[in-house]
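With chain A held as given, fit chain B onto it using these hints.
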Amino acid sequence: MTSRNSFWGSCRENHKRRIWVWIVAVLSQLLIYGGVTMIYLSRIKGFYAEGTYRSLAEFKQAMYQAARDAIGFSDNLYPVIMLLAALIALQGFSYLYDRRKVDVYHSVPVSKNRRFAVVYVNGLMIYLVSNLLGLILGMAIAASQGAVNGEVMAEAWLAFVWNLAFFLAYYHLMILAVMLTGNRFVTICVFLVFTLYEIIAYMLIGNLKAVFFKTYSGYFVYQRAKLSPLRDYTSYIWQLKNVENAAEAARIAMPLAAKWIGIALVVLAVAWFAYRKRPSETAGKAIAYRFLEPLLKVAVAVASAFLIGQLVYDTSYQNEPLLVLGMLLGGLIVCAAMEVVYDFDIRSLFKHLLSSGVALAGILAIFCSFKWDLFGYDSYIPAQNKIESIAIDADGYYDSYWDENWRYLDEAEYKKENMFLTDAEPVLALAQKAGQTDTEEMSENRTVQILYRLKSGRQVDRRIQVDYDDPETEALLNRIFQTDAFKMGTFQAITDETSYDHVAAVNYSNGAAIGIIPGEDAKKLRDAWVKDMEQFDFTLVRHNRPCGMITMGYGAEADYMSRQYYVYDSFENTINFLKKREAYYPVELDAADIDSVTVGCYHNELQNPYAGDPGYNLYRRAAEAEAVDTYVDYTVRETFYEEEQIAQILPHIYPSYIDAPWGRYGGAAEAVEDQNNYSLEIVFKKDSAYPYDRGSYYFNYCFRNGEVPDFVAEATAYTGEAE
Amino acid sequence: MIEIHNLTKYFDDIKAVDDVSVTIREKTVFGLIGTNGAGKSTVLRMVSGVFAPDSGTVAVDNMPVYDNVEAKKKLFFIADEPYFFANANAAAMEHYYSGIFEEFNREEFYQYLEKFNLDKNRKIATFSKGMKKQLALLLGICAHTKYILCDETFDGLDPVMRQGIKSIFAKEMEERGLTPVIASHNLRELEDICDHVGLLHKGGVLLSKDLEDMKCNIQKVQCVFSSVEDELKALNGLEVLKKEQRGSLCTITVRSTREEVEARFATVDTIFYEVLPLSLEEIFISETEVVGYDIKKLILG
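These protein sequences, in sequence, are chains A and B. Note that the first sequence covers residues 9 to 731 in this note's numbering. Note that the second sequence covers residues 289 to 589 in this note's numbering.
Bound-form chain A, shown alone:
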């Protein structure tokens, strides 16, 4: 039998004071595992009964997935785990808040270390036992419905370890909060500060950069909390829910769990040190250590001030004086409120004005450093000899990117991993030029995202605005676009050597006709296209529209993905290959194949009569505020059936279906005026031999800018009677 004064005897005695925590922990875990498992499985069964699944195997797979969602990596669990961690720690160590309890516990012959260990281990046991009970109940329910296999079990145990690490991080954080404070309210506040401060700080810094720095990007390098298990958990849980197998889950989850345990151990060491040093007489006080009061006050006041300022700024249509006023007032109020909380006395509002002054000075200093860019954020361009490589994303093109498991990749993530420009000179020249040019003076102002990988290992990302119509910019972009590094980092088709084995269908389209190429020719076609891409540069794509587009469609094992390859008139290898397979069709159509062309003119010039006026935005906002419908349809349509007229129209149009990468868009109004003002619908003759897509009744085209024939303009002129 265990001695009553032994460690485990003390644990047993301590459990008696924690019965209600046991009940809360066990009930919550049983509910969250058992209840959720039942609900998820029942839903899948319901779908099966409705015939949602095509086969029993598919149904079984859905049941396994539901079980994984319930007892494996589940997004239902983390709020419960955090709450339990906080509750267990708070209840276990809250005797430190009560002078009467401290009198008893600190006067009896039990060492401080023993007491800490007993309360700590008991808290851990409460979580472990309740979590295991919940997990076992969830497994039993899933097993009883045939929703458990090896993968589900393996993932459930992995999730158990990951959740335990998450629990430890917040359990220890709350213990630390208890050790630094003297009453429950302040402890909970400090716990929230510990939990959210880093996340909020990164968010605020990001917002400030976005507001005040022209070159702030966040495209390649998104600065976010690095030490917050909560941020990690919420960021990775979706990835973990969708992994293929337990091994992959382990690859993602275990390093994170190890990181959390590392953080938890450091926090525990600090908490234990604080416990050892904590004077018993601080029971009931707000903060156990006086020196922490001003530090905490300044830290919380600064963050709160910027949160309040952000709120004021966003709700006042970006009013900067109000932002400053909101920040200072907010900071002052928070300082005063914290003094009241420290003393539990309303008369303490204006105590310790020195620390309040430091907080306000800090707020102003931070604001000024952003407002006037005191640290030269916008003007920063790394020295060329310090750059290892660069990745850029020039606005105007989007490809589909995926990994070896056919999962889509974020564009920025792909480029970050695959583009390594070593010739930094044109990029730096672009950045310098952008810094010296006012965007208002640009003809077509477009964004270029830049990631500098420095030799020091640091990664810096910036956003610059460049003028695509500027010849000097074009020359610099050509130098970048011509590099293999740019092409490989932009067009996955160039580097992808394996996915052609999975191509199920290949076609070429000029916007209307579709030519079919056998799947086994996919690799050869791609090779021809890659060869043609040697001539690729910015000038090519800027000044030429694609004459057609190849689409490679992948099979079921590749999740029916597809990828487009733009083809230009100068792509001889590709065009010859297509011609040999009788799959090439020029972009220009023959009037003899066309039944009619319907032209619609929107008359944008009448729609927004004040567009361009300085007061237009004010007028539009006022109209929106009063919910006035200012839209009047001035569209005039005319259908042309005469072959002669159609023949005059066809040389001036191009298919809307095919985008022009890095081409013009709304930035330069006069350049796209006709494209935006006119629409064309082309209907082919039913008896035409032209291999147009028979699945479509008509095909959308646009006029090339400035090429609207006069008779079309006259026929669609607005005469006061819109349709």
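Note that these hints are calculated values from the structure, not bench results. Mixed in with the good hints there might be a few duds.
Partial list, derived from the structure: chain A residues whose beta carbon lies under 10 angstroms from chain B [to be verified]: (1) Glu21; (2) His23; (3) Lys24; (4) Arg25; (5) Arg108; (6) Asp111; (7) Val112; (8) Ser115; (9) Pro117; (10) Asn121; (11) Arg298; (12) Arg550; (13) Arg553; (14) Met557.
All C-beta atoms, glycine included, are put in the ideal place defined by N, C-alpha and C.
Coordinates of chain B only, in the frame set by chain A:
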């Protein structure tokens, strides 16, 4: 023996205990007297290891007490507001303390409970303030520690219960050398129980003396002298602490032994004289007036 040397304790900027040095001998009842805020509770908490002193030392049987399990095994501290677990009864508290104090005498505890008419199964939360103090005292006594530290514990006890507790103290002192240390703001409460008294004021010790020594060395004499010459002759060479005269009746407090006073008065011509016993209160008044304090303001209000 509990030895307190130059003990000082601050609460923020407030000096709660100021350079206190006291020795508490074994098998004596030590009374710690002082007004509210004098520092009694703080001294007791430092002696019991609840508070760490800012400077100075506390040694229990030559062992430092703060976070020292061996030293704390010799102590049982009863705070002015004793704490009992939520929803606990006397039996539950016995279970807790008997798990911690190896010498806890459970049989004795339940006997005492019966004697004091305390129901072991009744929730302590339903006990009166006095009953809670009785229970705390019984737990402390039955823990069988060498020292029991009581902070205002006798306040709120009715005279019968006080007498009962005093009897138990006497018995335990006799049988196993218990040393009670009793802090109180009320001098009269300690008069009939303490062997040694320490007087705290504003965090410091005004005096610390054995009661017997104080009683033996201060005498109060009521007398009517035959003449002024007789009076001068009688008082010549005696340390007169206080002298009051109503008509011809003099009340004189002198620092001296009874024998010396009687011998001196026998040599002079008096119409009447009598050496009277001094109450603890009177002794304190005399002793503290000597050092410039008005004890009535300090203790008796």
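Here is what the structure says about each hint:
no.: 1; hint: Glu21; verdict: 6 angstroms, holds
no.: 2; hint: His23; verdict: 12 angstroms, violated
no.: 3; hint: Lys24; verdict: 8 angstroms, holds
no.: 4; hint: Arg25; verdict: 6 angstroms, holds
no.: 5; hint: Arg108; verdict: 4 angstroms, holds
no.: 6; hint: Asp111; verdict: 4 angstroms, holds
no.: 7; hint: Val112; verdict: 5 angstroms, holds
no.: 8; hint: Ser115; verdict: 4 angstroms, holds
no.: 9; hint: Pro117; verdict: 4 angstroms, holds
no.: 10; hint: Asn121; verdict: 9 angstroms, holds
no.: 11; hint: Arg298; verdict: 7 angstroms, holds
no.: 12; hint: Arg550; verdict: 73 angstroms, violated
no.: 13; hint: Arg553; verdict: 79 angstroms, violated
no.: 14; hint: Met557; verdict: 75 angstroms, violated
Going through the hint list in order, the structure does not satisfy hints 2, 12, 13 and 14.
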